[in-house]
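Chemist: So in full-length UniProt numbering the end of the sequence shown lands on 117, straight run, no missing numbers.
Keep in mind that the hints were calculated from the coordinates and are not lab data.
Certain hints may be false.
Using 25 Å as the maximum straight-line C-alpha spacing, the simulated DSS-like pairs for lysine-lysine come out as follows [as the list claims (entries may be wrong)]: (1) K86 to K47; (2) K87 to K54; (3) K5 to K104; (4) K110 to K47; (5) K5 to K87; (6) K5 to K47; (7) K87 to K47; (8) K104 to K87; (9) K87 to K110; (10) K104 to K86; (11) K86 to K54; (12) K104 to K47; (13) K110 to K5; (14) K104 to K48.
Pairwise CB distance ranges, derived in the manner of DEER restraints [to be verified]: (15) S46 to S12: 36 to 46 Å; (16) E101 to D16: 43 to 53 Å; (17) K5 to N61: 17 to 27 Å; (18) K86 to R22: 22 to 32 Å.
The structure presented is a predicted model; accordingly, all values stated were derived computationally and were not measured.
Beta carbons are placed, not taken as given, at the ideal position from N, Cα and C, and that holds for glycine.
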Amino acid sequence: MNPYKVIHSHQSNYPDPIVLTRGEIVHYGEEDTQFPNWIFCEAVQSKKRGWVPKQILSSPNEELLASVQEDYSAHELNVIPGMIVKKELELNEWSLVLTAEGEKGWVPNKVITPIET
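Could you put together the complete structure from these sequences and hints?
Modeler: This is the structure we're talking about:
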């Protein structure tokens, strides 16, 4: 995991994020126009709603239901400039990062920059 420096603040708009487990069924909604390949879904069981990467969803059936292919949390981090994070994964212009305090969550790529080592 390479270190990144936060260069712009990011505040989560979803304080109660959707959390899904492999095999769970979701209602497959609209695709984000600002960040393609993010699908707005609603979990059938919990009724929680949020953005899910298209890459971890099966193709929706005729009733627009899809299966989740791997465990997933839409938890976004609140970050401020100067923070150092480590990137674990990058998908669709967002990165899953880990803070020095051990908190893991998503931030838009535009708010972080690699630290040259």
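Chemist: Next step is simple, just say for each hint if it's right about the structure.
Modeler: Outcome of the hint check:
no.	hint	in the structure
1	K86 to K47	violated, 31 Å
2	K87 to K54	holds, 20 Å
3	K5 to K104	holds, 15 Å
4	K110 to K47	violated, 30 Å
5	K5 to K87	holds, 10 Å
6	K5 to K47	violated, 35 Å
7	K87 to K47	violated, 30 Å
8	K104 to K87	holds, 10 Å
9	K87 to K110	holds, 13 Å
10	K104 to K86	holds, 9 Å
11	K86 to K54	holds, 23 Å
12	K104 to K47	holds, 23 Å
13	K110 to K5	holds, 11 Å
14	K104 to K48	holds, 20 Å
15	S46 to S12: 36 to 46 Å	violated, 19 Å
16	E101 to D16: 43 to 53 Å	violated, 21 Å
17	K5 to N61: 17 to 27 Å	violated, 43 Å
18	K86 to R22: 22 to 32 Å	holds, 25 Å
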